[in-house]
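Use these hints to put chain B onto chain A, whose structure you have.
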Amino acid sequence: MVSWLTVVVLVAATALGVLALVYALTRRGVDDRLLLVLGALEIALLAQVFVGLGQGIGRTTEFEKAVFFAYLLTVPFIAPVAVFLALKEKTRSSMLVVLGSAVVVGVLVARLVQIWGAGV
Amino acid sequence: MSDPSPDQTHTPEKGSTRRGLGIILVALYGLFALAATGRATYQIIADFQKAPVAYLLSVLAAVIYIVATVALARGDRTSIRVARVAITIELVGVLTVGLVSYLVPSDFPDKTVWSHFGSGYGYFPLILPILGLLWLRYQSRR
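Chains as they are written, first to last, in my numbering: chain A, 1 to 120; chain B, 1 to 142.
Looking at chain A on its own, in the form it has when it is part of the complex (with noise of 0.2 Å):
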């Protein structure tokens, strides 16, 4: 895997998050900025799947394979899907989902890292 596209993922899963609570505390709806962000999240997301696919499927050494391509395939729909909710039903609890959409894409990031990590 490759570190530094890691970090783009997390900082933009970050961004992601902060804004959807700052959104709900303020009352605010889904914008053009938070739009944008998910937009960032997104192609760095792909750009993962692609680095791992490539990567994994090269990769020799043993590690749990399965599992690291089902979380890979994964993590890219989690937040387009909460944010499609937030645009659905406009509520404060809906930018919660955001946020807690943007947790669980950093959380299986770490894990796609952790897993990599863990084979021999």
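Careful: at least some of the hints might be erroneous.
[What the hints assert, rightly or not] A few chain B residues that don't get close to chain A, going by computed Cβ distances all over 12 Å:
id: 1; residue: 28
id: 2; residue: 85
id: 3; residue: 96
[Said to hold, decoys possible] Taking lysine-lysine pairs in the DSS-like style, the calculated list, with each CA pair at most 27 Å apart, reads:
id: 4; chain 1: B; residue 1: 111; chain 2: A; residue 2: 65
id: 5; chain 1: B; residue 1: 111; chain 2: B; residue 2: 50
id: 6; chain 1: B; residue 1: 50; chain 2: A; residue 2: 65
Just so you know, the hints here were simulated from the structure itself, not pulled from any lab data. Note that the structure is a prediction, hence the values are computed from the model and not measured. Beta carbons: idealized from backbone N, C-alpha and C, even for Gly.
Showing chain B alone in chain A's frame:
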């Protein structure tokens, strides 16, 4: 807000499961539906013979989470009834499997979402059905 599609023109009525904190519950159930489905699929494809009981319980958990997610998200009267049944089964399931996995660990050579009261998932599988039932109860009283 000017979305003219028919189901969006009226705001969710009182008692709708989607209002306010309800959507957080829907999102949590959605997340667990995803996690449980992933785990069940992986376990069955990888090595079903290793622990068929545990893996079938994983499938059951996954199905219940999916049903509960959809029912909570729909939130009409029938859905609320379906949600209540699904979540009750879920609570009984997590309590039973949690208890048995401590008493007879040999029956569970591999984990399910509900093993050890969901300790592998931050005990959320135990908390979630309680929250869900309380929420449905609170909603039906309004």
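Quick rundown of the hints versus the structure:
1. 28: The claim breaks: residue 28 of chain B does not keep its Cβ more than 12 Å from every Cβ of chain A (closest is about 8 Å).
2. 85: It holds; residue 85 of chain B is separated from chain A by about 25 Å at its closest Cβ, greater than 12 Å.
3. 96: holds, 27 Å
4. B:111 - A:65: holds, 19 Å
5. B:111 - B:50: holds, 11 Å
6. B:50 - A:65: With a Cα-Cα distance of about 19 Å, the restraint between residue 50 of chain B and residue 65 of chain A holds, given a limit of 27 Å.
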